Amino acid sequence: MIAAAFDYVRPATLDEALEHLAKHGEDAKVLAGGHSLIPAMKLRLSQPRVVVDIGRIRDLHSMSERDGKIAIGALTTHYEIESSDFLKRSCPLLPEVAGKIGDVQVRNKGTIGGSCVHADPAGDWPAAMLALDAEFEIGSPRGNRTVVAKDFFVDMLTSAVQPDEILKFILVPVTAQTTAYVKFAQKASGFAIAGVAAFVDKARKEVALGVTGVAAKAYRAAGVEAALRGLELSAATIATAAQKAADGIDPLSDIHASAEFRAHLGRVQAKRALELAASRG
Amino acid sequence: MLATRCKAIVDVGSYCQLLTPAIPTLTGIMLCGCYKLKAVQMEVTGVHTNKMSTDAYRGAGRPEAAYIIERVMDLVASELGLDPVQVRLKNMPEPTEFPFQTATGLQYDSGNYQAAFNKARELADWPNLLKERDTARKAGRLFGIGLSTYVEICALGPSKTMAAGGWEWGCVRIEISGKVTVITGTTPHGQGQETSFAQIAADRLGVPIEDIVVLRGDTATAHFGRDTYGSRATALGGTAIVMSIDKIIEKTKTLAAALLKSTPEKIEFEDGKFFVSGEANNELGWGQLASEAYVAKNLPPGFEPGLEASSFFEPPNCTFPFGTHIVAVEVDRDTGQVKILKYIAVDDCGKQVNPLLVEGQVQGGIAQSIGAALMEKTVYDENGQLLTGEFMDYAIPRAADIPDYVLGSTETPSPSNPLGVKGVGEAGTIGATPAIANAVIDALSPLGIRHLDLPFTPERVWRAIQENGGGS
Chain H
24 MIAAAFDYVR PATLDEALEH LAKHGEDAKV LAGGHSLIPA MKLRLSQPRV VVDIGRIRDL
84 HSMSERDGKI AIGALTTHYE IESSDFLKRS CPLLPEVAGK IGDVQVRNKG TIGGSCVHAD
144 PAGDWPAAML ALDAEFEIGS PRGNRTVVAK DFFVDMLTSA VQPDEILKFI LVPVTAQTTA
204 YVKFAQKASG FAIAGVAAFV DKARKEVALG VTGVAAKAYR AAGVEAALRG LELSAATIAT
264 AAQKAADGID PLSDIHASAE FRAHLGRVQA KRALELAASR G
Chain P
10 MLATRCKAIV DVGSYCQLLT PAIPTLTGIM LCGCYKLKAV QMEVTGVHTN KMSTDAYRGA
70 GRPEAAYIIE RVMDLVASEL GLDPVQVRLK NMPEPTEFPF QTATGLQYDS GNYQAAFNKA
130 RELADWPNLL KERDTARKAG RLFGIGLSTY VEICALGPSK TMAAGGWEWG CVRIEISGKV
190 TVITGTTPHG QGQETSFAQI AADRLGVPIE DIVVLRGDTA TAHFGRDTYG SRATALGGTA
250 IVMSIDKIIE KTKTLAAALL KSTPEKIEFE DGKFFVSGEA NNELGWGQLA SEAYVAKNLP
310 PGFEPGLEAS SFFEPPNCTF PFGTHIVAVE VDRDTGQVKI LKYIAVDDCG KQVNPLLVEG
370 QVQGGIAQSI GAALMEKTVY DENGQLLTGE FMDYAIPRAA DIPDYVLGST ETPSPSNPLG
430 VKGVGEAGTI GATPAIANAV IDALSPLGIR HLDLPFTPER VWRAIQENGG GS
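Chains as they are written, first to last, in the working numbering: chain H, 24 to 304; chain P, 10 to 481.
In isolation and in its complexed conformation, chain H is listed as follows (with noise of 0.2 Å):
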């Protein structure tokens, strides 16, 4: 499939960038890996007039400490995260959500920014952005302001960022090594049909889940966060706790797996990360 026509414009800088998205609205779609858009584009399900490259803005590519957090630019691809060692000791999961995306090829172009602006209800970054209550520092020309996680995945393909809007960073707590990422994924897409991210605080005995693919949005599984706050961590508080993983959920349906068999790998791929995380540490 062709794409429809369009204009492309590859700006310097985030200003410059922020200024075509100014004036051209809805009009415009903002490029960054492209493993989104351009299919979509191909599709013909988007079809913007213009396209903003902002592949070449320096600045949003990099990770680094911000006042004890990291801070990762919405243009580092998922390899980068996956391959960081910087990651790997400060926030694991990242890394470990990283290796489960696509395939190389994906991994090697894609971007952790533009995949959770897509907001896909089965993309791998939302389970791990809630489980880490992430924020997302966005850009406008009114000047930046911070979506926490569980504001920023509106919807199905629906991020809090506006038409005249950039998302410039992504910032995660420095977290122990109790965390995990576990998948079940559609065998085509690869895409997840049950993703769930879990972080582990021993200390203060509290888990926090977030888990995709299974409704039309990501969220956090608060009634299994809620069965094991102050409780230790075993075998069968888990097996019990993971059976509220969905919950007042509305789970989607397709080719792919119907709505029981989705709610049901929730729960499944909720005990399993939770043993696995718990395991880690």
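Because the hints were derived from the structure by calculation, they are not lab data. Owing to the predicted nature of the structure, the values given are computational and were not obtained by experimental measurement. Heads up, the beta-carbon is just placed ideally off N, CA and C, and yes, glycines get one too.
To give an idea of the chain P side of the interface with chain H (calculated C-beta under 7 Å), a few residues:
no.	residue
1	D343
2	T344
3	M384
4	V388
5	L396
6	F400
7	M401
8	D402
9	Y403
10	A404
11	E468
In silico negatives: residues of chain P with every beta carbon more than 12 Å from chain H:
no.	residue
12	R80
13	E88
14	N291
Position chain P relative to chain H; hints supplied.
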């Protein structure tokens, strides 16, 4: 086992293409499998629908036949409380019974089904594999072993059995330099016959393989040909080349006799050299003889210049490769996911020209079968709209889905051609699917599950487990 009765309702899609009705028909013809059935009844109803038309796909009718008969063998064993190994051995023809006439009118050319069957079980370390299954089951794991013995039909085929010519054509030319041009009417498109035909010619002519060029795929050079399909190219195309080489050797003996001052019947040919019987030191090679044949100054009376011959090979029968595949799987009780733990295959494709190419065909065929058994599914909505229209939705196996194979072979030459080859292009897709299916059903059998339809997608398997009270 005495007989089978099979009724097939086949969704053939919207139009009749080249082989649409032929494929389920071939399934019926191959329904005896490796067994001495006295009678077979097959009733096929083709149903036109508003879906894509069906046509030949690797195996084309034989995988279905192997699947039906091999599932039946397992069901028979399970109903009667017998060992699936013994049920199969008891019903196989002995090697001495070949050529073996089937109830469906085929004559299986040659076979030693027991040898492949036994070798596969040896490679699988069968007694220990059974113990491993026992141990796993005691631990509550869904572990299964599946086997399939298959026979297939290749080297299609005698012209009288086909809609149009079932022959194959080949041409060989010794160039003036002594180097060799081989032209085949088959059209290898990845099977590697450019290599195996060069090997055949190098062996038979006694020249280095580097001196041979194989041409194919262009009617400007290859004037005739029935093509590459039905695992026929080596058996038929290779034989047309052999026939042409033999014609050239016979012709060249006349030239050698004249140059060596002897008579053609006293000329021997060995390892690329022509010599008078008993005088091996007085010899002529292809370079000298080709030069003489084209320069044409010293030709014996009536000798036609040049060294070129072409041949049409009309096979007397098809060939019938066979083998045994053994698979061990584990099913994840919580997700329905099937994992292949072990894969053992012993294939007998007759004489092997190039074992590496044979293995490549077997490996690829099994991979395709893993797709068919575990993931590939074409889905339409109620209006006939294709929902699995791209590889984001239609799953095919990738490298990570393929287990390590343990591959072996036996060689039972075919009497249907001078090379003794049978064909191997589709063997993997024929032997593998039923073995995987039998393994998955075996894994689920402690739950009382006797059958599930392909493909064994996680949700289908999970539902079967749930419905039979096997969930965790």
